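Student: Chains A and B, in that order, give the protein sequences. Plus 931 on top of the position in the first sequence (first one is 1) and you've got the numbering used here. Plus 931 on top of the position in the second sequence (first one is 1) and you've got the numbering used here.
To be clear, the hints were calculated from the coordinates, so they are not data collected in a lab. Watch out, some of these pointers could steer you wrong.
Identical copies go unnamed one by one, so any copy, or any two together, can satisfy a pair.
Distance condition first, Cα-Cα at most 30 Å in a straight line; then the derived DSS-like pairs of lysine-lysine [what the hints assert, rightly or not]:
| no. | residue 1 | residue 2 |
| --- | --- | --- |
| 1 | K1029 | K1128 |
| 2 | K1029 | K1110 |
| 3 | K1177 | K1029 |
| 4 | K1128 | K1225 |
| 5 | K937 | K1177 |
| 6 | K1140 | K1029 |
| 7 | K937 | K947 |
| 8 | K940 | K1110 |
| 9 | K1128 | K947 |
| 10 | K940 | K995 |
| 11 | K1177 | K996 |
| 12 | K1218 | K995 |
| 13 | K1177 | K940 |
| 14 | K937 | K1029 |
| 15 | K1177 | K947 |
Quick caveat: nothing in here was measured; it's all calculated off a predicted structure.
2 protein chains.
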Amino acid sequence: MNLDPKTAKPVLDALKQRYSCREFAAEPVDQALIDDLIDTGLMAASGGNLQPYHVIVVRDPETKKELRRLGGGQLFVERADVLLVFVLDWSRYAVYTKQKHAPFRANEQFLHLVISVEDVICAAQTVETCAYLSGLGSCYVGGVLETGAEISELLNLPQGCFPIVMLAIGHPAPNSNHKPVKLRREMMVTYERYQPKTEAEIFDAYEEKYRAVDRHPLPRSEGPREQTLKKLCENLCLTYPEEEAKAYLEEIRENDAFNEAQRRYGIHYGVATIRERSRQMLDGMRKMGCDPLKTLED
Amino acid sequence: MNLDPKTAKPVLDALKQRYSCREFAAEPVDQALIDDLIDTGLMAASGGNLQPYHVIVVRDPETKKELRRLGGGQLFVERADVLLVFVLDWSRYAVYTKQKHAPFRANEQFLHLVISVEDVICAAQTVETCAYLSGLGSCYVGGVLETGAEISELLNLPQGCFPIVMLAIGHPAPNSNHKPVKLRREMMVTYERYQPKTEAEIFDAYEEKYRAVDRHPLPRSEGPREQTLKKLCENLCLTYPEEEAKAYLEEIRENDAFNEAQRRYGIHYGVATIRERSRQMLDGMRKMGCDPLKTLED
């Protein structure tokens, strides 16, 4: 290693300040720096050194606009100077194994999917880390999974490929630093064995994390209000026995508000919504010749 | 950010030299440094800031021995001074959402599994990167997935948890640096759209990558030889029509050797082996109350 180990400490301290940047300045990012970030990411660990992925660098405004639409609609995606799309890629191995008369069904194996997602993120996270250390801001976009088939078409992906994650990169705008509140360390790390926490400890830790955002008033106007209640009802019913679900919904009506846990898993990541998106993702993967459940059914 | 952006370039250059370290010196790693690495990793991005994971720091020799056995048997796992087990953890949210009368089935959603694996690796990869920059060596062990139920028992994991990856960390032994050969850059990165490669380009790129290890002689003695051929035959038959599979096997017999692609997907990551391990992983997850296919079946 060429680096003086004493340089490491300030790097660690800097990385403790990292944040997902969602507001970018207009100033363009030097292409040579982007290439250097990617080259660094490509040296990240990869299970069996298989490197089953591909990086697509997008700067074209029209493509960014489309990727914003397909990735969940967040404005910063379009405003970022560069989008890196990290793509699972079994297409090259499919060709090579045929040429070498070798077996190959990694694109149809559940374990290979999990490990290849790990490989993709090892590379992406190195890029993210190095971007931050180079003074850039960046933010992951996970919403490419459920629209993977459409994104594959847009980016001309061959069979055996599927988008896993997108990283929006740019120079951070002033005041773009919104560092999220994280859980207390003792909830996240233990020694030698998992140390179960009491219900009270868990409650306190999350209350602390979500204190500032724990009350969401129901919408005032009738339509949106009923829609919100309907969504909460549906997802409560997918979790609890009907009586219990109805009681919780009644509570929400009485409070005229729902809490952050209810917002997260009842609205934003609603059970039914995520179930639907899971199906869309799997359907998209199948369209692209990547069916991770296929060999399970053999 | 506290870091001078000029510091970034040497960091990127150093990270281009990183490698998976599988030989460790006896010298122990300072616990304060390990804690600092983890604290840095905990600030990594997490989808929706859900932080659905937990890190277990293992130094006890008996536990390391067990984790070696359950993680695939590689000697370096036992020899590493510290093992970090990165665990998917829905157990805390399961408690908290109940307390808050909120819906919750993230532990049964395919999309949540994929995104939470991404979250785990964002943290793990930051630790890996910072360990390397601090002069340590480390190596991922992915083999915890198929023995997840046993590892969960060993580490006292509650329902809703499941091990995703393990990172072995220590001071690198002299000559531990075996940097793997990576694919040419043009196979890994393209601009604006995926640029399909010709069959000849793909062939050349992999031949270059695997040139030094492309011939594996069949074992000399009858028993191991027949076993190797049987395994290759089974996996060729799971990929190609029977006639074609038999022809390729005949070719291997004639050459008295198989190639690297055949070793990878016919022996090391054999189709049948990975299918079996995928099933074991899913069974283990179900035992731990994490069934990522459950809501798909609703």
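Student: The structure should be examined with respect to each hint, and the outcome stated for every one.
Tutor: Results for each hint:
1. K1029 / K1128: between (52 Å within a copy, 15 Å between copies)
2. K1029 / K1110: Answer is between; shortest inter-copy Cα gap is 27 Å, intra-copy 48 Å.
3. K1177 / K1029: between (57 Å within a copy, 14 Å between copies)
4. K1128 / K1225: between (39 Å within a copy, 27 Å between copies)
5. K937 / K1177: neither (59 Å within a copy, 58 Å between copies)
6. K1140 / K1029: Result: close only across copies, 17 Å inter versus 52 Å intra.
7. K937 / K947: Classified as both: same-chain Cα gap 17 Å, cross-chain 18 Å, threshold 30 Å.
8. K940 / K1110: both (21 Å within a copy, 25 Å between copies)
9. K1128 / K947: within (25 Å within a copy, 40 Å between copies)
10. K940 / K995: between (36 Å within a copy, 28 Å between copies)
11. K1177 / K996: neither (42 Å within a copy, 51 Å between copies)
12. K1218 / K995: Cα proximity of K1218 and K995: one copy only (23 Å, versus 43 Å across).
13. K1177 / K940: Neither, since 53 Å and 58 Å both go past 30 Å.
14. K937 / K1029: Neither way: K937 and K1029 sit 49 Å apart in one copy and 47 Å across, limit 30 Å.
15. K1177 / K947: neither (43 Å within a copy, 56 Å between copies)
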